[in-house]
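K.L.:
So you can see what is in the structure, the chains are spelled out below.
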Amino acid sequence: MKKVSMISIVVACLLACESANYVPPVTPQMAAARKGRHVDVTTLREGRRLLVHRCIECHTLPPLWHYAIEDWPKIVNSMSHRASLKPAERDAIVAYIIAVRSTGQ
Amino acid sequence: MIQRNLWKKFTLLILLLWILPVTAALAGARHFTFLYEAPTSAPGSVELENWITWERVTNSEQSDQIGFRHEIEIGVTDHFQASIYLVDWLYERDRTQSSFNYSGSAIELIYNLTNPVIDPVGLSIYGEIKGGRQHFELESKLIAQKNFGPVILDYNLTLEAEWEEQGLQERQGELQQALGASYELSPRLSVGLEFLHEFVFPDWRDEEKIRNVFVGPNVAFRHQNWFITVTALAQATDTQDEADFKVRTIFGFGF
Chain A
61 MKKVSMISIV VACLLACESA NYVPPVTPQM AAARKGRHVD VTTLREGRRL
111 LVHRCIECHT LPPLWHYAIE DWPKIVNSMS HRASLKPAER DAIVAYIIAV
161 RSTGQ
Chain B
703 MIQRNLWKKF TLLILLLWIL PVTAALAGAR HFTFLYEAPT SAPGSVELEN
753 WITWERVTNS EQSDQIGFRH EIEIGVTDHF QASIYLVDWL YERDRTQSSF
803 NYSGSAIELI YNLTNPVIDP VGLSIYGEIK GGRQHFELES KLIAQKNFGP
853 VILDYNLTLE AEWEEQGLQE RQGELQQALG ASYELSPRLS VGLEFLHEFV
903 FPDWRDEEKI RNVFVGPNVA FRHQNWFITV TALAQATDTQ DEADFKVRTI
953 FGFGF
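Line by line, the protein sequences are chains A and B. Counting in the numbering used here, the first sequence runs from 61 upward without gaps. Counting in the numbering used here, the second sequence runs from 703 upward without gaps.
One or more of the hints may lead you astray.
Taking lysine-lysine pairs in the DSSO-like style, the calculated list, with each CA pair at most 30 angstroms apart, reads [stated by the list, open to error]:
1. A/Lys-134 <-> B/Lys-848
2. B/Lys-832 <-> A/Lys-146
3. B/Lys-911 <-> B/Lys-832
4. A/Lys-63 <-> B/Lys-848
5. A/Lys-146 <-> A/Lys-134
6. B/Lys-848 <-> A/Lys-62
If you're looking for bench data, these hints aren't it; they were derived computationally from the structure.
Build the full structure now, drawing on both the sequences and the hints.
P.N.:
This is the structure we're talking about:
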């Protein structure tokens, strides 16, 4: 009984941790959500793909709401060389993060 | 003659470092030292990793072994990385003697199949071919990883075949499973645990029933284009000729 409770607690903690770094799939609403700047769905998909591949080579992903929207370009830019990101790839990651934040996900 | 060979290898190492592209980035920081992680290096990234593994056997002979590895890791595509173990060196010492030997060089390839963040589990497959003086080794691994926010859970299943001694007549197999957990305190600092469970088959037989279990903590620090990860393991079984303690440090930096 004690074992089952312990396992349940560990699983609950892990699921709670996972929900904190949820990286939602791209939707058409995300592309439309950025006021004043249109970003196409393909760029957002590429941004998401790069985020989950390149960034986790060095560290786990922080929750996307952890930093202010205006801080994200600076944060991604500071690590872009280490992650071998070209300027367009770096911009795609930033566009995806801002789109997620703009849709309130 | 031996000294001449050593100089040749050092010259080759320096030449390889010289011709590496100077604009390349860090290939990825490690959270574990006895386990591999599922993500592969970014395409175009190049990194030099230096391994130091100290092992102590506290039987009547009380011996120490320090292994050195110098590895170049190259990201080829988003899902494929290749590494070259330029040189593996081994320093051994017991109560009566000490020696310093070239142990081998190797090629290692890792292909990533699924992602540990967006897929149910991140999977990669690993292959290694190693050759040295009177030594040949083949190693394959299945790497499984899942990221839960700041927590990384990692599992490696390894099958290793070794041929040694004159004419490579002595052979041995090993099956190993390793489990690791790491918690990221900050983007730069992680702490965790590593657990190894080995099944050793001398001459591919299981008559001696050799089973080794090691467990211990690790700590990893990364900053800009370098990282350092240290793991200390203690043997939880009672195998006489196996190391009682192992400490491995991996220091890597991108060019």
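K.L.:
All the hints need checking, so say for each whether the structure fits it.
P.N.:
Taking the hints in turn, this is what the structure says about them:
no.: 1; hint: A/Lys-134 <-> B/Lys-848; verdict: holds, 28 angstroms
no.: 2; hint: B/Lys-832 <-> A/Lys-146; verdict: violated, 35 angstroms
no.: 3; hint: B/Lys-911 <-> B/Lys-832; verdict: holds, 26 angstroms
no.: 4; hint: A/Lys-63 <-> B/Lys-848; verdict: holds, 22 angstroms
no.: 5; hint: A/Lys-146 <-> A/Lys-134; verdict: holds, 15 angstroms
no.: 6; hint: B/Lys-848 <-> A/Lys-62; verdict: holds, 26 angstroms
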